[in-house]
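There are 2 protein chains.
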Amino acid sequence: GIEEKVPVAIVSQGSPLMYTPALKKAGIRVIQVCSTVRHARKAADAGVDAVVVSGTEGGGHSGFDQLTTMCIVPQVVDAVDIPVIAGGGIGDGRGLMAALSLGAEGVYMGTRFIATRECPAHPRAKELILATPDTGTISLRHGAPSPAVDDATGNRGFVEERRGSIRLVINDYLRRVMADGKFSYDEIFGKASPDDPGKKSNRTVDSYIWGKLENTSISAGQISGMIRDLPTCRELVERMVAQAEAVLKRLRGFHAE
Amino acid sequence: GIEEKVPVAIVSQGSPLMYTPALKKAGIRVIQVCSTVRHARKAADAGVDAVVVSGTEGGGHSGFDQLTTMCIVPQVVDAVDIPVIAGGGIGDGRGLMAALSLGAEGVYMGTRFIATRECPAHPRAKELILATPDTGTISLRHGAPSPAVDDATGNRGFVEERRGSIRLVINDYLRRVMADGKFSYDEIFGKASPDDPGKKSNRTVDSYIWGKLENTSISAGQISGMIRDLPTCRELVERMVAQAEAVLKRLRGFHAE
Numbered sequence: 001g002i003e004e005k006v007p008v009a010i011v012s013q014g015s016p017l018m019y020t021p022a023l024k025k026a027g028i029r030v031i032q033v034c035s036t037v038r039h040a041r042k043a044a045d046a047g048v049d050a051v052v053v054s055g056t057e058g059g060g061h062s063g064f065d066q067l068t069t070m071c072i073v074p075q076v077v078d079a080v081d082i083p084v085i086a087g088g089g090i091g092d093g094r095g096l097m098a099a100l101s102l103g104a105e106g107v108y109m110g111t112r113f114i115a116t117r118e119c120p121a122h123p124r125a126k127e128l129i130l131a132t133p134d135t136g137t138i139s140l141r142h143g144a145p146s147p148a149v150d151d152a153t154g155n156r157g158f159v160e161e162r163r164g165s166i167r168l169v170i171n172d173y174l175r176r177v178m179a180d181g182k183f184s185y186d187e188i189f190g191k192a193s194p195d196d197p198g199k200k201s202n203r204t205v206d207s208y209i210w211g212k213l214e215n216t217s218i219s220a221g222q223i224s225g226m227i228r229d230l231p232t233c234r235e236l237v238e239r240m241v242a243q244a245e246a247v248l249k250r251l252r253g254f255h256a257e
Numbered sequence: 258g259i260e261e262k263v264p265v266a267i268v269s270q271g272s273p274l275m276y277t278p279a280l281k282k283a284g285i286r287v288i289q290v291c292s293t294v295r296h297a298r299k300a301a302d303a304g305v306d307a308v309v310v311s312g313t314e315g316g317g318h319s320g321f322d323q324l325t326t327m328c329i330v331p332q333v334v335d336a337v338d339i340p341v342i343a344g345g346g347i348g349d350g351r352g353l354m355a356a357l358s359l360g361a362e363g364v365y366m367g368t369r370f371i372a373t374r375e376c377p378a379h380p381r382a383k384e385l386i387l388a389t390p391d392t393g394t395i396s397l398r399h400g401a402p403s404p405a406v407d408d409a410t411g412n413r414g415f416v417e418e419r420r421g422s423i424r425l426v427i428n429d430y431l432r433r434v435m436a437d438g439k440f441s442y443d444e445i446f447g448k449a450s451p452d453d454p455g456k457k458s459n460r461t462v463d464s465y466i467w468g469k470l471e472n473t474s475i476s477a478g479q480i481s482g483m484i485r486d487l488p489t490c491r492e493l494v495e496r497m498v499a500q501a502e503a504v505l506k507r508l509r510g511f512h513a514e
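Sequence lines, in order, name chains A and B.
The opening position of the first sequence corresponds to residue 1 in my numbering, with each subsequent residue numbered one higher.
The opening position of the second sequence corresponds to residue 258 in my numbering, with each subsequent residue numbered one higher.
All clues given are correct.
DSSO-like cross-link-like pairs, simulated, lysine-lysine; straight-line CA separation at most 30 Å:
# : chain 1 : residue 1 : chain 2 : residue 2
1 : B       : Lys383    : B       : Lys469
2 : B       : Lys299    : B       : Lys262
3 : B       : Lys439    : B       : Lys469
4 : B       : Lys506    : A       : Lys249
5 : B       : Lys281    : B       : Lys262
6 : A       : Lys182    : B       : Lys439
Derived from the structure by calculation, the hints contain no laboratory data.
Please read all numbers here as calculations on a predicted model, not as lab measurements.
Bound-form chain A, shown alone (with noise of 0.2 Å):
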């Protein structure tokens, strides 16, 4: 990334310590996802331009502490100088004006946009998103069990509902090893599927690109439930934008009575 001269750098998953100083110096702006108050403050000190604030709403890995949107996005913004973007959650001019309010500079979305014409997944799962309904996604637990608390430190570690999770979308591959008892991504995932043990492919290439929905599911959020069509990505943004100034009519009426 650094030698294409990539104008921004959208950091997850391990300490912003890692690649922000180097990023930085090659004048690359750096934005981290974060979850929580404590790793948005560490982010801020450690130099990057802005963080994205992802509640658990939303799809794929959705952090260690099940925050949601609605809660964490103010928290965040009330703790660091730097611009927040929300994530998690944010699918019409609806959830958009949501997340200004709630104090962000703007919004990150990604179930919506994959269920755009443009978007390079395959057919059945965008399928599958528009499908699913409110309750259709599950947060599975992630990582290995180890309920040891640090009082001194607060550091939870990895505890039961606290580990980190991954959301998914429930169908009928997931419905069938769910009822079979297993509830944790590392039970259903942790090994490459039976029929083919020796792949180099992983789940979200098998799923999203190829399509391949026998042996696993999607990640999505939440917001699935309200994604009925797949239109281009200019009449997505187009839409949004109608939406968001209904509703600042709306607001403006409220205020007028």
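Let chain A serve as the given structure and place chain B on it in line with the hints.
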């Protein structure tokens, strides 16, 4: 309630068909607390006047599906024709404006009003809310395990993380029992406390009214992390209105750009 002619009844946990007809017949307005689109539709069909939609970030009982306020409020707004009131994660004027942006007609606030001078909760319970950081609550599973899923109806019964849940503050007591490997509400609070096996009290009364936090914790939402004072209710509401006006001004500024 019916004899006293209360003007409004807020009903939660259980079918909206149970009390709605009798309450409506007595001229009482009925508001049903819901946490999914399906439950909100059922309540609207049963004739309630409005629904409270409560996200998983809220304190206490927080539904079966861990849906967040950001995601479930707009989905319910789209699904029903009656007013939607947003609950869970609203602690100040920013949260109020976010909820209204999502399409809610009003907000339902618990934790923030417990941390006021007027609230009769025990001072130790209020102090615990003030001391709780962003990551200081946990949603514990509730109910008997039963991983059966009925594919025909989509009813997943009570399965692991998707069982009913209760959000509590992680205090010293809860931290200790979690370190012992206990992570479900029933494991922790299923029996009367060992030192008083015959007691007729319950966890909520013990903690919130009597301030006994040695063998229990309090229900509170993820916004506990942004609560830093104990204002009067009047001060709280006036502050929220001022914050909401500042948010509106900020949103209008984005529009003008």
